[in-house]
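*Asks:* Spelled out from the first residue to the last, the chains are:
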Amino acid sequence: MAANAETMIDIDHLWSIFGQGEQAFAVHQDLCLQVQRGEMLSIVGGSGTGKTVLLRQILGLLTPGKGRVATLGRPAAELCREGASARVGMLFQHGALYSAFNVLDNIAFALREQGGLPDAVVREAAMIKLQMVGLKPEHASRNPADLSGGMIKRVALARALIMDPPLLLLDEPTAGLDPTSSDEFCALLRQLHAELGLTVVMVTHDLDTLFALSTRVAVLAEKRVLVSGTAQEVAQFEHPFTTTFFQGERGRRAMAPAPHTAD
Amino acid sequence: MTDSTPRLECQSADAAPRIVLLGRWGAAELGQRGQWQQVQRLLAGTDADAAWDLTQMAWLDHLGAQLLWRHWQGQWPVQLHASAAQRAMLQRVAQFADTAAAPAAPYYFGRTVEKFGTLILAALVHGRDVLLLVGQLWLDALRLLRAPHKGPWRDFSGHLFNMGATALPITALVGFLIGVVLAYLMALQLRQFGAEAFIVNILGISLIRELGPLLAAILVAGRSGSAITAQIGVMRVTEELDAMQVMGISHGFRLVLPRAMALALAMPLVSLWTTLAALMGGIVASDLVMDISPAYFWQALPGAVQVSNLWLASVKAMVFGIWIALIGCHWGLRVKPNTQSLGAGTTASVVTSITMVIVVDAIFAIAFKDVGF
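Protein chains in written order, with numbering that gives the first Met the number 0: chain E, 0 to 262; chain V, 0 to 372.
It cannot be assumed that every hint is accurate.
[What the hints assert, rightly or not] In silico negatives: residues of chain E with every beta carbon more than 10 angstroms from chain V: (1) Val52; (2) Leu71; (3) Cys185; (4) Asp207; (5) His238; (6) Gly247.
[As the list claims (entries may be wrong)] Which bits of chain E does chain V cover? Going by a derived footprint, with three or more residues having C-beta under 8 angstroms, they are: (7) 120–128; (8) 134–145.
Note that these hints are calculated values from the structure, not bench results.
For glycine and all other residues, C-beta sits at the position ideal for the given N, C-alpha and C.
Chain E with its partners taken away, still in its complex shape (with noise of 0.2 angstroms):
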């Protein structure tokens, strides 16, 4: 399970483009990325940048305007194909729980659709699962309507996770969390990182979490990536974003811990 050369998602000079004739306008304007397996890769850019479009074109949900995007070595809309959950675990922005379904049955949901597994087992999966990212057995039983903003996240993550993928793409992993929460989420996502060899590709805002966990952290900024390296040297990169992001008020109190967190 070392983490070999193998490149995970790769996205060739990606346009995303949105509205229809004079309207239309680029979110990404000839964007290049590419992400190794078992790394852990932070985007972040301004509001409207368009991270969360990103994560939805490596997942397939949207078409490139021109360009290419490779998802585990294929074209990004043949992955949302039967047996996707065994190769990409998703966490969107809210949750986007079923609703009809209650918590168990919601993080058990694609590993019972799979359909060669005694019942039995699935619901064991799904508590050690449930168990795995904070929650409370007695939470199982309960429909996501009633569930707080944090509890909706665990739960989304624990269904991200249920099949173990090699693959995972975080939407805000940690907004809405409170810092004890976020820092059992950053301890969860390490360990299993470390034994399953993980690749995990996030949008966040929290420094916190950026500094704890990425090992590569890619800048959107004027319709690309600005730039991507370590924490620290995109810390250093000079452009307006990033200088207000870093080096404001919050960004120092983050990167103040950060040479002892970061291993």
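Could you slot chain V onto chain E? The hints should help.
*Replies:* Chain V in isolation, oriented as in the chain E frame:
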């Protein structure tokens, strides 16, 4: 058998038997049909106190770890060769595996009685809510009369277009066809008595007084009633209703009132339009089957149908419209923030509004039995 298939080898050449696990023991592989049973069979044939070797596995994830932990019956094997990461995973599975989800509450007879009682109470609550909605509509209408310039007129005109103007093609088509069907049906019967000329009376009364408004109302209930419930229901799901409330904007005044007003105005017009289309169908069919000329039909119609029938039909259609809007809003406002409730609410809305239309129609038929004949 491919390289990734989860499998094991028992090596018992030397003194201590040794079980070597091979392949990918992951959710994707174990979840394939038949694979789980296959692996269970393999595991069942192993020696209880053998040494386990996990170091040659291609992949082990939580499901594989769960399978092994269950096979070991919640005990660490005496001899285990595994990497630190695999041990950590087994440890985590061991920690969480024994807590079962809360079992479903057992059945007892009292629950059936309780359910029945809840059903009756729910029906009463619905009745009360509709009463509240009607009262609120009156209050909102008074508020509008007192300050007409502050009314939700833009919403009103939008709804009027969506619920009225866009309903015209479908109502015309259905009305026309029903007119044709009725005329053909009646022609057969009337010919037996040589009373073909009475087709004008039959079609005139039945279409203008009953079928025109009823058809229009049923179509509008299906089109607009469901749309109202879905619109308001989605606003509940996306918390827009809460946002409105926080801004001090009354749901009754901004959501229910413009819809009720729009349908109150649109329904009589759509009903009249449907009636006209149905009469057209009747006229065409009478001309074709019975050689009753359109000129005669038009000439005889005023004599056969009193004008009061038209008024009755219009008032009836207006009441239908208000009820459709109110019932649509009622179910929309009751939607809970999940998809199932939205679907159930929309279904219930259409079913109740169509039922209500027919009930109201029956009440009108009895109450005005002496009018217009």
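*Asks:* Does each hint fit the structure? Answer for all of them.
*Replies:* We went through each hint and held it up to the structure:
1. Val52: It holds; E/Val52 is separated from chain V by about 21 angstroms at its closest Cβ, greater than 10 angstroms.
2. Leu71: Non-interface label stands for E/Leu71: nearest chain V Cβ at 13 angstroms, farther than 10 angstroms.
3. Cys185: holds (16 angstroms)
4. Asp207: Label holds. Min Cβ-Cβ 24 angstroms, cutoff 10 angstroms.
5. His238: Holds, since 36 angstroms exceeds 10 angstroms.
6. Gly247: holds (31 angstroms)
7. 120–128: holds (count 7)
8. 134–145: holds (count 7)
No hint from the list above goes unmet by this structure.
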